[in-house]
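Single-letter residue listing:
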Amino acid sequence: DAMVIQNPRYQVTQFGKPVTLSCSQTLNHNVMYWYQQKSSQAPKLLFHYYDKDFNNEADTPDNFQSRRPNTSFCFLDIRSPGLGDAAMYLCATSAASGEDTQYFGPGTRLTVL
Amino acid sequence: KQEVTQIPAALSVPEGENLVLNCSFTDSAIYNLQWFRQDPGKGLTSLLLIQSSQREQTSGRLNASLDKSSGRSTLYIAASQPGDSATYLCAVTGGGNKLTFGTGTQLKVEL
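If you read the sequences in order, they're chains A and B.
The first sequence: position 97 = 97 (the numbering used here), numbered continuously.
Each number in the numbering used here corresponds to the 1-based position in the second sequence with 113 added.
Honestly, the hints are just simulated from the structure, not real lab data.
Treat the hints loosely; a few may be bogus.
Over 12 Å on every C-beta distance to chain A, these chain B residues come out as not near it, computed from the model [what the hints assert, rightly or not]:
#1 180
#2 198
#3 224
Covered stretches of chain B, going by a simulated chain A footprint (3 or more residues, C-beta under 8 Å) [to be verified]:
#4 123–134
#5 169–176
#6 215–223
From a predicted model like this one, the values you see are computed outputs, not experimental measurements.
Ideal placement from N, C-alpha and C gives every residue a C-beta, glycine not left out.
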């Protein structure tokens with residue numbers, strides 16, 4: 001049974017055209033994370049929500065925003081995608097604190113034309 | 114700033130061989146360390162999680178060890194199989210729920 005679901009799995013957008021990636025979870029976890037992973041690189045944390053509290057990483061570009069309307073869903077909005085934003089975007093959840101395992105979704109591969 | 118390094122970057126072994134993947138981290142103030150598997154173009158699958166107070170964890174043919182004071186972890190894979198071919202990522206959790214990843218070891222197990 002899928003626990004962390006990401007839609008779409010593949011997204012193609014044009015340079016500068018806003019795009020939204022979706023993540024949902026059936027685990028009822030408090031914490032949801034968004035990571036960016038470029039080719040052959042380590043995943044890089046963009047931001048996370050602890051319940052409704054939003055925590056942005058200091059080096060996350062302003063171009064990236066997030067929304068969490070309820071416990072189950074979290075969205076990643078890229079306001080004006082550039083060619084450098086092409087990457088795999090990974091959503092993860094954990095029950096509470098950093099002591100808990102993070103469960104990852106299958107990712108959304110974003111292509112920017 | 115936490116830095117995680119994995120050696121080797123790539124490894125090719127014949128089927129049946131036992132192997133060890135290495136991970137090192139610079140800041141020993143961690144909550145836990147996780148080993149993940151990533152297949153090409155896919156998300157991450159958690160293999161093992163070791164809490165900072167633990168020394169090792171085992172799951173099937175996998176055994177992970179943690180030496181927090183020296184900033185090192187190893188992932189031991191016994192009797193490797195072609196299905197084990199994937200990239201293996203090590204990650205440590207520090208303050209603020211932040212997971213810092215290494216760049217991974219790409220493993221290929223050949224018939």
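Status of each hint after checking the structure:
{"no.": "1", "hint": "180", "in the structure": "19 Å, holds"}
{"no.": "2", "hint": "198", "in the structure": "16 Å, holds"}
{"no.": "3", "hint": "224", "in the structure": "25 Å, holds"}
{"no.": "4", "hint": "123–134", "in the structure": "violated (count 0)"}
{"no.": "5", "hint": "169–176", "in the structure": "violated (count 0)"}
{"no.": "6", "hint": "215–223", "in the structure": "holds (count 3)"}
Violated hints, listed in ascending order, are 4, 5; each of the other numbered hints is respected by the structure.
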